[in-house]
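Could you put together the complete structure from these sequences and hints?
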Amino acid sequence: MYRVTILYPHEEGKRFDLDYYVQKHMPMVRSLLGPFGLKSAEVAEGLPRNGAPPPFVVIASMTFDAIEDFQRGIAQHGREINADLPHYTDLKPTLQISRIC
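Take any residue in the sequence shown, note its place counting from 1, add 15, and you have its number in the working numbering.
To be clear, the hints were calculated from the coordinates, so they are not data collected in a lab. Treat the hints with care, as some may be off.
Stated by the list, open to error - Okay, derived cross-link-like pairs now, BS3-like style, lysine-lysine, Cα gap no bigger than 30 Å in a straight line: (1) Lys39 x Lys29; (2) Lys107 x Lys39; (3) Lys29 x Lys107; (4) Lys39 x Lys54; (5) Lys107 x Lys54.
Note that this is a predicted model, so its numbers are computed, not measured.
Take a look at the structure:
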């Protein structure tokens with residue numbers, strides 16, 4: 016099993032529309048990548064700690080049985096998914112692919 020994690024770092028003065036991300040972006044991602052083996056997808060909102068902002072505003076994760084499934088889905092729909100980015104943030108996300116042990 017593999018996890019694809021998208022991390023949106025906290026940056027002062029940058030925006031992130033969590034409602035849009037949860038209500039529109041992630042359902043679109045689920046519908047586009049579901050046929051390519053997407054098993055689960057979740058969104059975690061970072062919370063402040065001791066008055067300091069979280070290191071990441073949002074962390075999204077998706078699981079796939081095979082990394083090739085994700086790669087095929089992104090090859091077909093990556094441009095469409097990435098084109099939605101300006102609708103919810105001006106942050107530059109980091110993508111990490113991990114094998115779940």
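Consistency of the hints with the structure:
no.: 1; hint: Lys39 x Lys29; verdict: holds, 20 Å
no.: 2; hint: Lys107 x Lys39; verdict: holds, 19 Å
no.: 3; hint: Lys29 x Lys107; verdict: holds, 10 Å
no.: 4; hint: Lys39 x Lys54; verdict: holds, 19 Å
no.: 5; hint: Lys107 x Lys54; verdict: holds, 25 Å
Taken one by one, the earlier hints all hold for this structure without exception.
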